[in-house]
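Peer 1: These protein sequences, in sequence, are chains A and B. For the first sequence, this note's numbering assigns the number 5 to the initial residue and increments by one for each residue that follows. For the second sequence, this note's numbering assigns the number 252 to the initial residue and increments by one for each residue that follows.
Some hints could be false.
Straight-line C-alpha distance at most 20 Å; calculated SDA-like pairs for lysine to any residue [what the hints assert, rightly or not]: (1) B:K543 <-> A:R42; (2) B:K312 <-> B:G336; (3) B:K486 <-> B:S450; (4) B:K312 <-> B:A359; (5) B:K467 <-> B:R500; (6) B:K278 <-> B:V390; (7) B:K278 <-> A:S51; (8) B:K467 <-> B:A493; (9) B:K387 <-> B:A354; (10) B:K467 <-> B:V390; (11) B:K278 <-> A:K211; (12) B:K543 <-> A:S178; (13) B:K543 <-> A:V91; (14) B:K278 <-> A:I52; (15) B:K278 <-> B:E288; (16) B:K312 <-> B:T289; (17) B:K387 <-> B:R427; (18) B:K543 <-> A:Y53; (19) B:K543 <-> A:V68; (20) B:K467 <-> B:G404; (21) B:K543 <-> B:P530; (22) B:K467 <-> B:P504; (23) B:K387 <-> B:R462; (24) B:K543 <-> A:E186; (25) A:K211 <-> A:R42; (26) A:K211 <-> A:Y53; (27) B:K278 <-> B:K387; (28) B:K543 <-> B:A400; (29) B:K543 <-> A:K211; (30) B:K543 <-> B:R517; (31) B:K387 <-> B:A359; (32) B:K387 <-> B:G404; (33) B:K312 <-> B:K387; (34) B:K312 <-> A:Y180; (35) B:K543 <-> A:I18; (36) B:K543 <-> B:R399; (37) B:K467 <-> B:R517; (38) B:K472 <-> B:F319; (39) B:K543 <-> A:L183.
If you are wondering where the hints come from, they were derived from the structure by calculation, not from laboratory data.
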Amino acid sequence: MPPEAAHQKPLKQIGWVVLLLAFTSGFIIMSVELLGGRILAPYFGSSIYVWGSIISIFMVALSVGYLIGGRLSVNQPNLRRYGIFFVLAALGLLPIVFFANQAMDAVFMAIDDPRYGSLLASTLLFFIPTAILGMIAPYSVRLMVNNTERSGQVAGGLYFISTLGSALGTLLTSFYLVLWFEMNTILLTMVTVLILAGALAFTLGSKRS
Amino acid sequence: MTKRWIVFSMLLLSAVPSFSDVIHREKSLYRNIEVQETGRDRCLVFAQRSDDRRQSCVNLKNPDRVVFSYVRMTFAGLLLNERPGSILIVGLGGGTLPSALGALYPEASIDVIEIDPAVVRVAESFFDFQVSDRVKVWVQDARVFIKRAGRRGDQYDLIILDAFTGEYIPEHLMTREFLQETQSLLSNTGVLVANTFSSSELYDYESVTYRDVFGKFFNFKLPASGNRVVIASSKPLPDSRALQAAASRLSVPLSRFGVAIESFPRFLTTRSDWDEDAPVLTDQFSPANLLKNR
Numbered sequence: 005m006p007p008e009a010a011h012q013k014p015l016k017q018i019g020w021v022v023l024l025l026a027f028t029s030g031f032i033i034m035s036v037e038l039l040g041g042r043i044l045a046p047y048f049g050s051s052i053y054v055w056g057s058i059i060s061i062f063m064v065a066l067s068v069g070y071l072i073g074g075r076l077s078v079n080q081p082n083l084r085r086y087g088i089f090f091v092l093a094a095l096g097l098l099p100i101v102f103f104a105n106q107a108m109d110a111v112f113m114a115i116d117d118p119r120y121g122s123l124l125a126s127t128l129l130f131f132i133p134t135a136i137l138g139m140i141a142p143y144s145v146r147l148m149v150n151n152t153e154r155s156g157q158v159a160g161g162l163y164f165i166s167t168l169g170s171a172l173g174t175l176l177t178s179f180y181l182v183l184w185f186e187m188n189t190i191l192l193t194m195v196t197v198l199i200l201a202g203a204l205a206f207t208l209g210s211k212r213s
Numbered sequence: 252m253t254k255r256w257i258v259f260s261m262l263l264l265s266a267v268p269s270f271s272d273v274i275h276r277e278k279s280l281y282r283n284i285e286v287q288e289t290g291r292d293r294c295l296v297f298a299q300r301s302d303d304r305r306q307s308c309v310n311l312k313n314p315d316r317v318v319f320s321y322v323r324m325t326f327a328g329l330l331l332n333e334r335p336g337s338i339l340i341v342g343l344g345g346g347t348l349p350s351a352l353g354a355l356y357p358e359a360s361i362d363v364i365e366i367d368p369a370v371v372r373v374a375e376s377f378f379d380f381q382v383s384d385r386v387k388v389w390v391q392d393a394r395v396f397i398k399r400a401g402r403r404g405d406q407y408d409l410i411i412l413d414a415f416t417g418e419y420i421p422e423h424l425m426t427r428e429f430l431q432e433t434q435s436l437l438s439n440t441g442v443l444v445a446n447t448f449s450s451s452e453l454y455d456y457e458s459v460t461y462r463d464v465f466g467k468f469f470n471f472k473l474p475a476s477g478n479r480v481v482i483a484s485s486k487p488l489p490d491s492r493a494l495q496a497a498a499s500r501l502s503v504p505l506s507r508f509g510v511a512i513e514s515f516p517r518f519l520t521t522r523s524d525w526d527e528d529a530p531v532l533t534d535q536f537s538p539a540n541l542l543k544n545r
């Protein structure tokens, strides 16, 4: 068996794991974004500019995440590192649960204009976890691509599954989750899911190496 | 026979001209705004749905008269403080309340918070609402204004929450934390009046939330009206004799607004007619728009 084929087979086996995890990160990104509006409302209201702040910060954070994730995928891409991204994203969400009010209080006192207040608060609360979640997308592509010919198809499949996850995260959060649970409960559940996802990837990655 | 009647009434209906003229229409950042004239009434309409009655109207022949019963019911708050020196109103609408209260209390300072600049323009152009040194409008989110006012230590003798159009509820203005921030703005003799929801599951949740923050409050419903007004106070609530005495004193000054204040006290009750086990609405949990439809 040529060395390349030997390399391919196990990667195919982990394909479903990568797809599942990409779905999960897509789901969580949009769920957090939607909760962001609620988190900021007590300090900055729920005007259109609050949503403007949240959406722009999420976009900037994701774009930075794509860049870093893509760069990190160059050298020896592996599932263990992939798993670590999920755990880091989980840790990045924790300050929203425990320090959001303190952070927003400080911003509220420092900045009068709720437009810039909400922009700064969004940056403090959401930039880091969203950027880390953004790293997952290009890294997933790298883990699943094994030849250039099919790279576009693999990327398409991953966009498909993670964007579908985003759609579902948006829908479930806005229709049901906020009706059933407190916001911190939802966030802590997502932290747990991310840690489990990270553990899964890390374990599989350790077995393979 | 029945068929002929149907045809006849259809003919009759089609013969009546459409009696609501739209004299102004604009799309704002938050909603569609229409000013309609129906006979002698000029109305501000937010939602285009016919079942949305939460709008503001003025009677052109008798502009002092308050057209809507829920707005008249708001005056019941004066039974607990007959001379408010400072008033905060959340939600401008057509400006009925600030105009009436400004006329009633020429010495009082009135702050109005309205999120939508288009509503302010429409109130000024079509409803004769006037901003002055005493009557100020702040185009802001009420939560932001109230939080800042609290940090400044501002106090009001009368706070009126009238921010709900019926079509979309600002959920961050329904929570325990918001009511606590509002409560902190009440002076020693301060009174809070809130036009709130009287049907759906939201009634239970909202009532429980007000109880949680203010303790006992007056729940005010009129038999003919579908509205509910919450009246809470910094001081202990007055008894029915004190309410009746205040109503007698207020009846003359309020008569020009068409407010039959003397009929109000017997409908003010502290009894709960809601599900007391409903959860409190908080900043963490406030699905008001989802509850409204249940």
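Peer 1: Now look at each hint and say whether the structure bears it out.
Peer 2: Status of the hints after comparison with the structure:
no.	hint	in the structure
1	B:K543 <-> A:R42	18 Å, holds
2	B:K312 <-> B:G336	30 Å, violated
3	B:K486 <-> B:S450	28 Å, violated
4	B:K312 <-> B:A359	27 Å, violated
5	B:K467 <-> B:R500	25 Å, violated
6	B:K278 <-> B:V390	17 Å, holds
7	B:K278 <-> A:S51	16 Å, holds
8	B:K467 <-> B:A493	17 Å, holds
9	B:K387 <-> B:A354	14 Å, holds
10	B:K467 <-> B:V390	32 Å, violated
11	B:K278 <-> A:K211	60 Å, violated
12	B:K543 <-> A:S178	15 Å, holds
13	B:K543 <-> A:V91	38 Å, violated
14	B:K278 <-> A:I52	15 Å, holds
15	B:K278 <-> B:E288	18 Å, holds
16	B:K312 <-> B:T289	12 Å, holds
17	B:K387 <-> B:R427	27 Å, violated
18	B:K543 <-> A:Y53	25 Å, violated
19	B:K543 <-> A:V68	40 Å, violated
20	B:K467 <-> B:G404	25 Å, violated
21	B:K543 <-> B:P530	15 Å, holds
22	B:K467 <-> B:P504	29 Å, violated
23	B:K387 <-> B:R462	31 Å, violated
24	B:K543 <-> A:E186	18 Å, holds
25	A:K211 <-> A:R42	41 Å, violated
26	A:K211 <-> A:Y53	48 Å, violated
27	B:K278 <-> B:K387	24 Å, violated
28	B:K543 <-> B:A400	30 Å, violated
29	B:K543 <-> A:K211	52 Å, violated
30	B:K543 <-> B:R517	28 Å, violated
31	B:K387 <-> B:A359	11 Å, holds
32	B:K387 <-> B:G404	18 Å, holds
33	B:K312 <-> B:K387	27 Å, violated
34	B:K312 <-> A:Y180	49 Å, violated
35	B:K543 <-> A:I18	46 Å, violated
36	B:K543 <-> B:R399	29 Å, violated
37	B:K467 <-> B:R517	17 Å, holds
38	B:K472 <-> B:F319	14 Å, holds
39	B:K543 <-> A:L183	12 Å, holds
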